[in-house]
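Number of protein chains: 2
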Amino acid sequence: MSGLLIVIAGPSGAGKGTIFHSLLERMPNTVASISATTRAPRGKEVDGVEYFFKTKEQFEEMIARDELLEYANVFGNYYGTPKKFVMDGINSGKNIILEIDVVGAEQIKRKFPECVGIFIMPPSFEVLEKRLRGRATDSEESIVRRLSEAKRELSTYKMFDYIVFNDNLSEAIAQTETIIKAERNKISRNESKIEQLLNE
Amino acid sequence: MSGLLIVIAGPSGAGKGTIFHSLLERMPNTVASISATTRAPRGKEVDGVEYFFKTKEQFEEMIARDELLEYANVFGNYYGTPKKFVMDGINSGKNIILEIDVVGAEQIKRKFPECVGIFIMPPSFEVLEKRLRGRATDSEESIVRRLSEAKRELSTYKMFDYIVFNDNLSEAIAQTETIIKAERNKISRNESKIEQLLNE
Numbered sequence: 008m009s010g011l012l013i014v015i016a017g018p019s020g021a022g023k024g025t026i027f028h029s030l031l032e033r034m035p036n037t038v039a040s041i042s043a044t045t046r047a048p049r050g051k052e053v054d055g056v057e058y059f060f061k062t063k064e065q066f067e068e069m070i071a072r073d074e075l076l077e078y079a080n081v082f083g084n085y086y087g088t089p090k091k092f093v094m095d096g097i098n099s100g101k102n103i104i105l106e107i108d109v110v111g112a113e114q115i116k117r118k119f120p121e122c123v124g125i126f127i128m129p130p131s132f133e134v135l136e137k138r139l140r141g142r143a144t145d146s147e148e149s150i151v152r153r154l155s156e157a158k159r160e161l162s163t164y165k166m167f168d169y170i171v172f173n174d175n176l177s178e179a180i181a182q183t184e185t186i187i188k189a190e191r192n193k194i195s196r197n198e199s200k201i202e203q204l205l206n207e
Numbered sequence: 008m009s010g011l012l013i014v015i016a017g018p019s020g021a022g023k024g025t026i027f028h029s030l031l032e033r034m035p036n037t038v039a040s041i042s043a044t045t046r047a048p049r050g051k052e053v054d055g056v057e058y059f060f061k062t063k064e065q066f067e068e069m070i071a072r073d074e075l076l077e078y079a080n081v082f083g084n085y086y087g088t089p090k091k092f093v094m095d096g097i098n099s100g101k102n103i104i105l106e107i108d109v110v111g112a113e114q115i116k117r118k119f120p121e122c123v124g125i126f127i128m129p130p131s132f133e134v135l136e137k138r139l140r141g142r143a144t145d146s147e148e149s150i151v152r153r154l155s156e157a158k159r160e161l162s163t164y165k166m167f168d169y170i171v172f173n174d175n176l177s178e179a180i181a182q183t184e185t186i187i188k189a190e191r192n193k194i195s196r197n198e199s200k201i202e203q204l205l206n207e
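Heads up: the sequence lines are chains A and B, in that order. Counting in this note's numbering, the first sequence runs from 8 upward without gaps. Counting in this note's numbering, the second sequence runs from 8 upward without gaps.
These aren't lab readings, by the way, just hints derived from the structure by calculation. Please note that the accuracy of each hint is not assured.
Same chains, same names: a pair is fine if it fits in one copy or spans any two.
What the hints assert, rightly or not - SDA-like cross-link-like pairs, simulated, lysine to any residue; straight-line CA separation at most 25 Å:
(1) 118 to 67
(2) 158 to 199
(3) 137 to 47
(4) 200 to 98
(5) 193 to 181
(6) 137 to 162
(7) 188 to 64
(8) 200 to 108
(9) 188 to 10
(10) 51 to 10
(11) 193 to 8
(12) 193 to 160
(13) 193 to 114
(14) 158 to 79
(15) 63 to 52
(16) 193 to 52
(17) 61 to 50
(18) 165 to 98
(19) 101 to 142
(20) 193 to 33
(21) 91 to 199
(22) 193 to 122
(23) 63 to 53
(24) 158 to 201
Looking at chain A on its own, in the form it has when it is part of the complex (with noise of 0.2 Å):
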């Protein structure tokens, strides 16, 4: 059976980064997706490790040849996620994992509608501001950015599959295992084993 291509999106504060990472190390046989990139390596990230490191040209080269599932250009440089990387790795039944914004996740979604959407959100506007506020790293304005920024985000709800809210933890990854766990045995991702054992 093929693997899965998971898309985990969500606000800044929702605690999304911490569940991916945490589904990772839970979840056998599930990857983190890697991403391309055209921004300079740093320290000692290797390439096809942390990122595929491209040019500028070669990674114009990918979007020309639709390479990507989704990119984006970021203060000059691109970031974008290789199709064949997320290809290889659910045809030989891995789950493919990754983090990104409402953007990215429409972008892939359009391109891989079989993608399984997961909007990860705080329990309410309330606390993800108590959140950012306890970080006391981010100064007024841009808590009241994010703020903004996380109703625009969650505005998008419909293009997800399913949503967590991420009131509890360990609660919120248990959800999401759950809910990767169960896609194996939606109806249309059986489809040709279901054809199979008809036609036996």
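For this one, chain A is given, so just place chain B on it according to the hints.
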């Protein structure tokens, strides 16, 4: 949050009855649907516990008033699923679970598309045949009939949401439970909560 209506179907010999009963034991807040019937109570059966006992006239009135999610006439007796019992349960946050044949499942799916349809399937028709022969209660003719019936049932798979291959019983129970849990995180089941958050 509303509960779910969970519809369990699958061929005779797939183990759906066992899965059904263990879900009722394992999942808090999950109760069995109670059917209405025109057959006479047997032994210590109590109205509203094993069945809602109805006269033929009462049952046909329920049909006329569209008060049943599905019904069938089996050897002269009516059996059906009262809509009110199901709706009261899920509106109070309970999961209502019912075990039914594919014809009934199709009626329910048409009247209540939000239900979760789970098809329980043996790992193969070969295994099903072995199981039926293992019972040693069925005649050769009945085994052949049950097998062709099973194939006909599986061929309706597209109306279901999930399929569970019952190769290993405890694994099949766990998968079914996982499906029910994950459904609560579906975007479609959280729209009113999300819209409320967005309008805060």
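Going down the list of hints, with the structure as the test:
| no. | hint | result |
| --- | --- | --- |
| 1 | 118 to 67 | within (18 Å within a copy, 51 Å between copies) |
| 2 | 158 to 199 | between (40 Å within a copy, 15 Å between copies) |
| 3 | 137 to 47 | neither (36 Å within a copy, 62 Å between copies) |
| 4 | 200 to 98 | within (15 Å within a copy, 36 Å between copies) |
| 5 | 193 to 181 | both (19 Å within a copy, 15 Å between copies) |
| 6 | 137 to 162 | within (21 Å within a copy, 53 Å between copies) |
| 7 | 188 to 64 | neither (40 Å within a copy, 47 Å between copies) |
| 8 | 200 to 108 | between (34 Å within a copy, 22 Å between copies) |
| 9 | 188 to 10 | both (11 Å within a copy, 21 Å between copies) |
| 10 | 51 to 10 | neither (30 Å within a copy, 51 Å between copies) |
| 11 | 193 to 8 | both (12 Å within a copy, 23 Å between copies) |
| 12 | 193 to 160 | between (27 Å within a copy, 17 Å between copies) |
| 13 | 193 to 114 | both (23 Å within a copy, 20 Å between copies) |
| 14 | 158 to 79 | within (21 Å within a copy, 49 Å between copies) |
| 15 | 63 to 52 | within (18 Å within a copy, 76 Å between copies) |
| 16 | 193 to 52 | neither (38 Å within a copy, 38 Å between copies) |
| 17 | 61 to 50 | within (17 Å within a copy, 77 Å between copies) |
| 18 | 165 to 98 | between (27 Å within a copy, 23 Å between copies) |
| 19 | 101 to 142 | neither (36 Å within a copy, 39 Å between copies) |
| 20 | 193 to 33 | both (22 Å within a copy, 22 Å between copies) |
| 21 | 91 to 199 | within (23 Å within a copy, 38 Å between copies) |
| 22 | 193 to 122 | both (12 Å within a copy, 14 Å between copies) |
| 23 | 63 to 53 | within (18 Å within a copy, 76 Å between copies) |
| 24 | 158 to 201 | between (42 Å within a copy, 10 Å between copies) |
Consistency with the previously given hints fails for numbers 3, 7, 10, 16 and 19, ordered from lowest to highest.
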